[in-house]
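Novice: Protein chains in written order, with my numbering: chain U, 758 to 991; chain X, 522 to 1128.
Each statement offered as a hint is correct.
Result set (SDA-like, lysine to any residue): computed pairs, CA atoms no more than 25 Å apart in a straight line:
#1 X/628 <-> U/887
#2 X/950 <-> X/982
#3 U/812 <-> X/1060
#4 U/812 <-> X/1057
#5 U/816 <-> X/991
What the hints contain is simulated information worked out from the structure, not anything from laboratory work.
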Amino acid sequence: MEQGYIKVTIDGREVLAKEGQSIVQAARDNEIFMPTLCDFKSLAPAGTCRICTVKVGGKFMPGCTTHVSYGMVVENESPELMDLRKGLIEMLFVEGNHQCPMCEKSGNCELQSLAYRYKMLVPRFPFLFPHRKVEAQFPHLLIEHNRCIQCLRCVRGVKAKDGQDLFGFIKRGSDMRVTIDATVPDALTPEIAQKAMDICPVGALIHKRIGFQVPIGQRNFDHEPAAHLDGEKP
Amino acid sequence: MADNALQTAVKGIVEKYHGDRTELLAILLEVQEKWRRISPEVITFLSEEMDIPRVHIESTATFYHFLSRTHRGNYTVYLNTSATAEMAGAAEVAKALEKEVGVGFGKNSPDNRIGLRTTSCIGMCDQEPALLINGIVFTKVSPARVKDLVEGMKAGVPVRELLGEPGDSNNSLPQIQAEVQNHIRRKGPVFFTDYIPGAALKKAMEHGSLEVIEMVKKAGLRGRGGAGFPTGQKWGFCRAAEADARYVICNADEGEPGTFKDRVLLTELPELIFEGMTIAGYAVEAKEGILYLRAEYGYLREHLEQTLASMRSRQLLGRRILGTRFSFDIRIKQGAGAYICGEESALIESAEGKRGQPRNRPPFPVTAGYLHKPTIVNNPETFGCALKIVLEGADWFRSMGTAASAGVKLLSIAGDCKRPGVYEVEWGKTVRELLEMCGAESPLAVQVGGPSGTCISEKQFDRKICYEDLSTGGAFTVFGKNRDLLSLVHNHMRFFQEETCGFCVPCRAGNTLLVKALEKVMIGNGTARDLEDIRKLGVMVKVASRCGLGQTSPNPILTAMENFPELFQGVVRNDVDYLSQFDLNFALADSCLLVNRMPSSSTKGEE
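Chain U on its own, in the form it takes in the complex (with noise of 0.2 Å):
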């Protein structure tokens, strides 16, 4: 075995594991799927949507902020993480107001691919219809809030050109919001503000102005519902 690699079982298979990775990043370097929302790339992971929820040792963990340890075996795809995995993202859609047909990351989204992976069809929760704003002030970007799942992508990875944190997150709870510093206007560039969309696994940040410029049908997830690996297509 390499210097470096442990061995960990993922679902009966045995894998190689770097040492000091998550368990997300372990099951992403053996093309074995585990979903994610709120992990993404090399951002250091929060935790937030507990989608990739697994079973260590008859013990429910977090994925994303565990990490292997040798002779791990983990529980992945077993019908219970399957319906508790579902259950989440149903909180997600009944927490928010998620109307597909009219969004423009349809298709593109990671929440609503999921959610056809896991053949959601009506959520079990029943819907809370929340009062959420748009916020639209900024030049190139506009806030969605309706569609946002608060897994704080933006905010651990859209930065200024400078360094500086432009968005963050206020209150608590269920008014949990996302926010962009409005007393620095310029420092939204277009850049920035594509970027911002192009982390945000919904429709909450979307650039203004050029929409829908990938017709419906030639969206990542159109045809293969959610086999993506941290957001992109295999």
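The hints should help you fit chain X onto chain U, whose structure is shown.
Specialist: Just chain X, lined up with the frame of chain U:
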């Protein structure tokens, strides 16, 4: 910012704290206190002055319950809405407040003189209904007294002058001046007995630091906050972590509804707690300690500061303690209203001046805690126990309690009983014994360990209070036979809905959905299937949540359903699987009332 005077004043506050990033919460609290709000202009100014990104300041300023971007009134009234307050008649007090002030809760009087807000448990369960006015506690408030209080506020009387008779013992000290009662009902060998300042510290130094940790381990001391982690092991881990600095934090953020024993400890025995922290500091080789005091206990701050000063003057704290080479000092950091800060990593974040949001673990605080240095976080009671262990020996401590729960526990007993208050008891007492002790005559249920604990019925009154059976951080709340248990369960679920930090999905959305589901059952629209769905959702929230809050938040409803099945069966429809129709008159009742119209007969619903 146009207002130069405001700018100068805010600058003064920042300078007082040397612009220290970790003091942001203290700075925000002062701004709130002075201007009754934290305006967007002040946030921008603080960002420039302290060189912190604006979004970080806004993030902290909007997280805590006692901080606000809008004006909270020159007198801000925070009425406690916890279950024991509800039982003691907080609803009538709320009505009286609304009537006298002339506005509803969540609003200010038109002249911004008085603001009415509700708040989660303020640690006065044995003397409800209780409320805070500008940080000062008022207990056993009756609707009649509300009239006097509001009149006083309208006339501009300083809050202190509205206070009634001072409470017992230290509560009447000039530096506290509170109308709070201690209600110490049962004294025991650990806390409410003789205490000679410095004796335990001296003994600890004779033993040496490693030996102190060994003693605490051998005594079997476990964390008194509720989680019960072995204290000696925690101290051992912290000491073993390589670092140039280590910290000792005392978690005095007693927020679990139903518990108030730390309030009494801080009032009567602050020196014992501080000396316990100093012993811990000696054991883990730390030089700094922090007492994280919940905002609701801010009225004790001056008393605690004076105690620290007195200890410094007697060489029990500060440089060269007791003439040795060991130096250790303690400072106080105050919260701003957030139950989640009782979670140790959230508390650390808050002590650093940030949102009180739990961290991902690993790393644990013992290796990377405050400022990412090894840190131990313990409950005040735990520090007190450790001090007594050093003084009297591990065997002495072990000889009390049960096999897995050594020593004594301070219980906060409240609710439907004749003698609510603080009881020092050995671990292992049965619920029945305690009910007798506090004079509970016809108990229906006991909430052990607060909402995050267990709601038990009479069938389980022979169970024991200890880690291996019914664990508690101190709360023991009695619900009498005359109580509507569903409404109390609802109160507890609302508490978690209010106090979730919102960071992770299951806790943020799940708790709201649990409240909705319970409300559906409570108004008679539930079926047996709804109960099963509630149970499944509750389990989901427990297993998928990120920290202890979400992992225990469904407990009020789950344990009540388990132990009072007949209660839930009694309110659901058993004749149908699914209620496909609804009573239109009932559904429209509220809106009809609002527009002053009787439900029309033509809209009569069909059932």
